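Sequence order for the protein chains is A and B. Per my numbering, numbering through the first sequence is continuous, rising by one, with the last residue being 177. Per my numbering, numbering through the second sequence is continuous, rising by one, with the last residue being 109.
There could be a bad hint or two in this list.
Unchecked claim - Derived, one-sided and incomplete: chain B residues facing chain A with beta-carbon distance under 7 Å: (1) His25; (2) Pro27; (3) Asp34; (4) Phe47; (5) Arg79.
Claimed, not checked - Beyond 12 Å from chain B on every Cβ pair, some chain A residues (computed): (6) Thr44; (7) Asp57; (8) Glu96.
To be verified - Listed next, the in silico SDA-like pairs over lysine to any residue satisfying Cα-Cα at most 25 Å (straight line): (9) A/Lys146 with A/Gln132; (10) A/Lys146 with B/Asp34; (11) A/Lys145 with B/Asp107; (12) A/Lys146 with B/Gly35; (13) A/Lys145 with B/Leu53; (14) A/Lys145 with A/Arg162; (15) A/Lys145 with B/Val73; (16) A/Lys146 with B/Asn63; (17) A/Lys111 with A/Ala123; (18) A/Lys145 with B/Leu108; (19) A/Lys73 with A/Phe139; (20) B/Lys81 with A/Arg125; (21) A/Lys73 with B/Gly82; (22) B/Lys81 with A/Pro138; (23) B/Lys81 with A/Ser65; (24) A/Lys73 with A/Glu167; (25) A/Lys111 with A/Ala53; (26) A/Lys73 with B/Asp58; (27) A/Lys146 with B/Pro70; (28) A/Lys146 with B/Gly82; (29) B/Lys81 with A/Gln132; (30) A/Lys73 with B/Arg40; (31) A/Lys103 with A/Leu81; (32) A/Lys145 with B/Asp93; (33) A/Lys103 with A/Gln132; (34) A/Lys73 with A/Thr165; (35) B/Lys81 with A/Ala123; (36) A/Lys146 with B/Arg61; (37) A/Lys145 with A/Val155; (38) A/Lys146 with B/Leu53; (39) B/Lys81 with A/Thr61.
Just so you know, the hints here were simulated from the structure itself, not pulled from any lab data. A quick note: this is a predicted structure, and the numbers were derived from the prediction, not measured. Backbone N, C-alpha and C define an ideal beta-carbon position, used for all residues, glycine too.
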Amino acid sequence: MTVDVLPEVALGAAGAMRAALDRPSSREASAQTVAALLRQSALSLDFVRTYHDSLAAELDHKGMHPDVLLDVCRVALETLDGIAESRRLLAKLLADDEQKAEFRRQDELAAALRQTFTEWQEVLNRPFPPLDLKKIEEQTRADVDAGRMIRVETFEDLFPSHADDQ
Amino acid sequence: MRFYLDHRPAVRSFLDGLTLSRLGRISLFYTLHALRTVSDAERLNPANRVGPYFVFRRTFREKGRLVPIRFVVDDGPAAYGVLRVVFVDLT
Chain A
12 MTVDVLPEVA
22 LGAAGAMRAA
32 LDRPSSREAS
42 AQTVAALLRQ
52 SALSLDFVRT
62 YHDSLAAELD
72 HKGMHPDVLL
82 DVCRVALETL
92 DGIAESRRLL
102 AKLLADDEQK
112 AEFRRQDELA
122 AALRQTFTEW
132 QEVLNRPFPP
142 LDLKKIEEQT
152 RADVDAGRMI
162 RVETFEDLFP
172 SHADDQ
Chain B
19 MRFYLDHRPA
29 VRSFLDGLTL
39 SRLGRISLFY
49 TLHALRTVSD
59 AERLNPANRV
69 GPYFVFRRTF
79 REKGRLVPIR
89 FVVDDGPAAY
99 GVLRVVFVDL
109 T
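Excised from the complex, chain B in its bound form (with noise of 0.2 Å):
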């Protein structure tokens, strides 16, 4: 299934700041974009869970520098296909 993103703009503020170049821009996008396809077996492990939520962690490269990174997804509306990043931050 694939997925509507939708941000609190908080996060996408966040992210919009972040200090990275273009590569890492682009590398970011593309690790979020894996957001949206991911698979129920990944969303529903228990060891992706914290509270309501689920976890999604990522690593990417930001000029050869390696950038582990944590969305805090609501997806309480994944039956209607949507989910809510509701947090983001980084190692």
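Isolated chain A (complex conformation) (with noise of 0.2 Å):
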């Protein structure tokens, strides 16, 4: 559901920074003009932070789809595109160190976010080996065939060998 917003909430940031910086009077911004940016920017970021926070605490949960998160990745690589696009303009705006130093921050998250969600991709696009499916009916009725087969429905039943990590 929320990524569905999330180009909206990169769309909505950059144009309204866009839109405030576009302004004749932008070359002289003031400072309280300036600073409301920096909060819009760190809001959208922060928007993006909690998302990726919220995907991580479900893969941590019950794993995701590779393609959903792969999709998943693809819009918030493009929302952060939006957001950094707006805040190139932003940049030459910035007047005093504490302003300078916020927007420093900002693009520490931006980056370390923007590293998380490429390496997820890398790992998602990676293709896992063919499959030999003749060896692998083979097997499956051989051990159909003896009764091997194994019901597994608890965690114990999963992992043996981990019974106490429950």
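Assemble the dimeric complex from its two separately framed chains, guided by the hints.
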């Protein structure tokens, strides 16, 4: 659900900043205006970070379908691109050290998020090795015929060597 | 529908022998748990079929690292409420 609104967030952030920066007076933007744009940028990045955290929690809890996650990564990276574009404009307006420090902090967050989504994308794009279906079929038939199949219902069934982990 | 899962011994040995943290094993358990309640739409989707088998792909995390995993499932006995996990691998 959230992934659907990520591009809107990016477009909203970029649009708001561009509108403010395109004004004739933007070259002399007041400290207040720059502070507001910095807050807008921080909010957009925070939204992406919150989304990343919820994905990480879901991956830790019950896993996700790789195609879904791959799509999410693509949208998240596009969102970060949109935010980065507006931040390039904002960078020209920073006046005092406090603003510059906040901008750097946001840059670090954006870079960390970009790195995570890029790494996820790389891992998800790694192909699985080809399957030897004939061998799988033969081995399965042998196990089924010999009554060796194991019913797995509990954690202990799945990980008999690690039953204490649960 | 909730399926029973039957594993080939080699599949269970592979999963039991994976070097995972406690949390990674729990995550993998719940990842595999999702196979019990997999929808017919996913199971019968041609994109998830290889030969006569259903390929159930998921991704979980182990110590912050993403782990894609693939289960090859014989769903021949699905009508009887059973899925056979006949092969598993990671990338």
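Hint by hint, here is what the structure shows:
1. His25: holds (5 Å)
2. Pro27: Hint on B/Pro27: holds, closest Cβ of chain A at ~5 Å, below 7 Å.
3. Asp34: At about 5 Å, which falls below the 7 Å cut-off, the nearest Cβ of chain A leaves the hint on B/Asp34 intact, so it holds.
4. Phe47: Holds, about 5 Å.
5. Arg79: With a minimum Cβ separation of about 4 Å from chain A (threshold 7 Å), the hint on B/Arg79 holds.
6. Thr44: Fine: 39 Å to the nearest Cβ keeps A/Thr44 off the interface.
7. Asp57: With a cut-off of 12 Å, A/Asp57 remains clear of chain B, as the shortest Cβ separation is near 20 Å.
8. Glu96: Since the minimum Cβ distance to chain B is about 28 Å, A/Glu96 lies beyond 12 Å and the statement holds.
9. A/Lys146 with A/Gln132: violated (31 Å)
10. A/Lys146 with B/Asp34: holds (22 Å)
11. A/Lys145 with B/Asp107: With a Cα-Cα distance of about 16 Å, the restraint between A/Lys145 and B/Asp107 holds, given a limit of 25 Å.
12. A/Lys146 with B/Gly35: holds (21 Å)
13. A/Lys145 with B/Leu53: Distance ~23 Å between A/Lys145 and B/Leu53 Cα, so the pair holds.
14. A/Lys145 with A/Arg162: Given pair A/Lys145, A/Arg162 holds - Cα atoms ~24 Å apart, limit 25 Å.
15. A/Lys145 with B/Val73: Holds, at roughly 15 Å.
16. A/Lys146 with B/Asn63: Distance ~24 Å between A/Lys146 and B/Asn63 Cα, so the pair holds.
17. A/Lys111 with A/Ala123: Cα-Cα ~18 Å, so holds.
18. A/Lys145 with B/Leu108: holds (20 Å)
19. A/Lys73 with A/Phe139: holds (21 Å)
20. B/Lys81 with A/Arg125: holds (19 Å)
21. A/Lys73 with B/Gly82: holds (14 Å)
22. B/Lys81 with A/Pro138: holds (22 Å)
23. B/Lys81 with A/Ser65: holds (16 Å)
24. A/Lys73 with A/Glu167: The hint holds at about 18 Å.
25. A/Lys111 with A/Ala53: holds (13 Å)
26. A/Lys73 with B/Asp58: holds (19 Å)
27. A/Lys146 with B/Pro70: holds (13 Å)
28. A/Lys146 with B/Gly82: violated (34 Å)
29. B/Lys81 with A/Gln132: Holds: B/Lys81 and A/Gln132 sit about 17 Å apart, inside 25 Å.
30. A/Lys73 with B/Arg40: Cα-Cα ~14 Å, so holds.
31. A/Lys103 with A/Leu81: The hint is violated at about 34 Å.
32. A/Lys145 with B/Asp93: holds (16 Å)
33. A/Lys103 with A/Gln132: violated (32 Å)
34. A/Lys73 with A/Thr165: Roughly 15 Å between the alpha carbons, so the hint for A/Lys73 and A/Thr165 holds.
35. B/Lys81 with A/Ala123: holds (17 Å)
36. A/Lys146 with B/Arg61: holds (22 Å)
37. A/Lys145 with A/Val155: holds (15 Å)
38. A/Lys146 with B/Leu53: It holds: about 23 Å lies between the C-alpha atoms, which stays within 25 Å.
39. B/Lys81 with A/Thr61: holds (19 Å)
Against the hints set out earlier in the document, violations occur for numbers 9, 28, 31 and 33.
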